[in-house]
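Asker: Given next are the chains, with one letter for each unit.
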Amino acid sequence: MRILAKVDTKSEFVIKGVQLEGVEKVGHIDAVLDELVRLGVNEFILSDTMASLYMRNSLISVIGRHTKDFRYPICAGGGIQSVSDATDLIKAGADRISINTYAIEDQSIIKSLTRSLGISCVVSQIDVRKIDNEFRLFTHAGRELSEYNLKSWLDFLNKNYVGEIIVTSIDRDGTSRGIDWDLINFMERESPLPYIYSGGLADLAELKSVEELKKMSGIAAMKIFIDSLQD
Amino acid sequence: MKKICILNLGYSNIKSVRGAFEEIDIETAVIEKIDSAEINAPLVLPGVGAFGSAMNRLTFDNTSYYLHEAFKKGHPILGICLGMQVMFEGSEEDSKIDGLSFLPGHIRNLNQSIEKFSPPSNIGYSRLNACKTEGLGQYEKFIGEHFYFMHSFGLVDDELATDQKLYINFNDQEVLAMFHHQNLVGIQFHPERSGKPGVELLSSIVKEFNL
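So the sequence lines, in the order shown, correspond to chains A and B. Heads up: the first sequence at position 142 corresponds to 142 in the numbering used here, and the numbers run straight through without jumps. Heads up: the second sequence at position 203 corresponds to 203 in the numbering used here, and the numbers run straight through without jumps.
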């Protein structure tokens, strides 16, 4: 199974929390990216977790600084509200962009993005938590509950194709407790599109258990890499 | 130092393409248009975005005309991703707009299956294979190597009259991954984002072009 590093940032620092909360600084983005490449990571998802709050994405300068010497694909996101926000990231050197909060607030934006950038360049990033036995979507880096449940969002994406979905299990995020099979089974059943799963990966051996899944296109992780950096 | 010219096709991966060439000591210059068939360095057409918008950009100031002249004269041209696709006659992405038509073939939507789940885009690393190894030259060593792809359209059932062709399998189809035909090299994937093998591939292309 394809494995990606899911790197969340706050200004120039990589952060990691548990269940998207109580975040701690892992290190400066430049140093962390270098270390991840050294570990053999060859695909990256970068998200500015404060962008939807501050209305600006600090990854533009980070990616701009790196892209020339960086030989691996980057999907970048955080606070994208328009095609022009997305193209700022692409021009800086991102290969794809991901959108969460504002796609949920304004449903027309996904269509505008795929029309200008092509379907393969756009990722729908969703943060999911089970509430009253129902998977619900959160926005603003897991801080706010949206009105969508997972099924209704997947139905929306079925009419508004993107290249991939990145789905994070908020409950498992940063816990190393193992991946969320409840959520994965739901995605396998209902998703119209390939999805990258994120949240709770215990160890690399767990990747074997997802090998036969039809719709999962990858697993994104960070905690597992941080642990090996600190060893 | 050897030099190449990168033609700006709009939303583009220009920075990373430049970086990858510089890693193998090739100097790069970015040009906005072509206004003469006398181009002083091999050309690179990078590309991200949609077929129609790239072609509109190439035709509105006659750049496509001079590209054609350069192609006929045997000027080396490398197309990456969308830059490869525009070398053909057209694409299902924007069926009303003609491609440069340097080569026969139509770019197809790779998501054909309605019966079973098939992803609309091929995203991630895919392994290259070949129908036969004879004649591949410098490119033979890339069979079995993984490169980064990010596309929803591609060429299936190609009619290219060259032995220098490599493929990937996607949605049960053999999709053209790269070719070298006369003075044209086309790459569907992103060598500039495929780690070390990507840089090695660019280096092989430079050698085949005898730069």
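Please keep in mind that the hints were generated in silico from the structure rather than gathered at the bench. Ideal placement from N, C-alpha and C gives every residue a C-beta, glycine not left out. Accuracy of the hints is not assured; some may be wrong.
Sample of chain B residues with no beta-carbon within 12 angstroms of chain A, all distances over it, derived [unchecked claim]:
id : residue
1  : Arg18
2  : Gly90
3  : Leu128
4  : Glu174
Simulated coverage check for chain A against chain B, where a stretch passes if three residues somewhere in it have a Cβ under 8 angstroms from a Cβ of chain B [claimed, not checked]:
id : segment
5  : 111-120
6  : 157-170
Taking beta-carbon pairs under 7 angstroms as the criterion, some of the chain A residues facing chain B (in silico) [stated by the list, open to error]:
id : residue
7  : Arg38
8  : Gly40
9  : Asn42
10 : Arg56
11 : Ser61
12 : Arg65
13 : Lys68
14 : Tyr72
Asker: State for each hint whether it applies.
Answerer: To see whether the hints hold, each was checked on the structure:
no., hint, in the structure
1, Arg18, "6 angstroms, violated"
2, Gly90, "16 angstroms, holds"
3, Leu128, "16 angstroms, holds"
4, Glu174, "19 angstroms, holds"
5, 111-120, "holds (count 6)"
6, 157-170, "holds (count 3)"
7, Arg38, "12 angstroms, violated"
8, Gly40, "10 angstroms, violated"
9, Asn42, "6 angstroms, holds"
10, Arg56, "21 angstroms, violated"
11, Ser61, "13 angstroms, violated"
12, Arg65, "11 angstroms, violated"
13, Lys68, "4 angstroms, holds"
14, Tyr72, "6 angstroms, holds"
Of the hints listed earlier, those the structure fails to meet are numbers 1, 7, 8, 10, 11, 12, in rising order.
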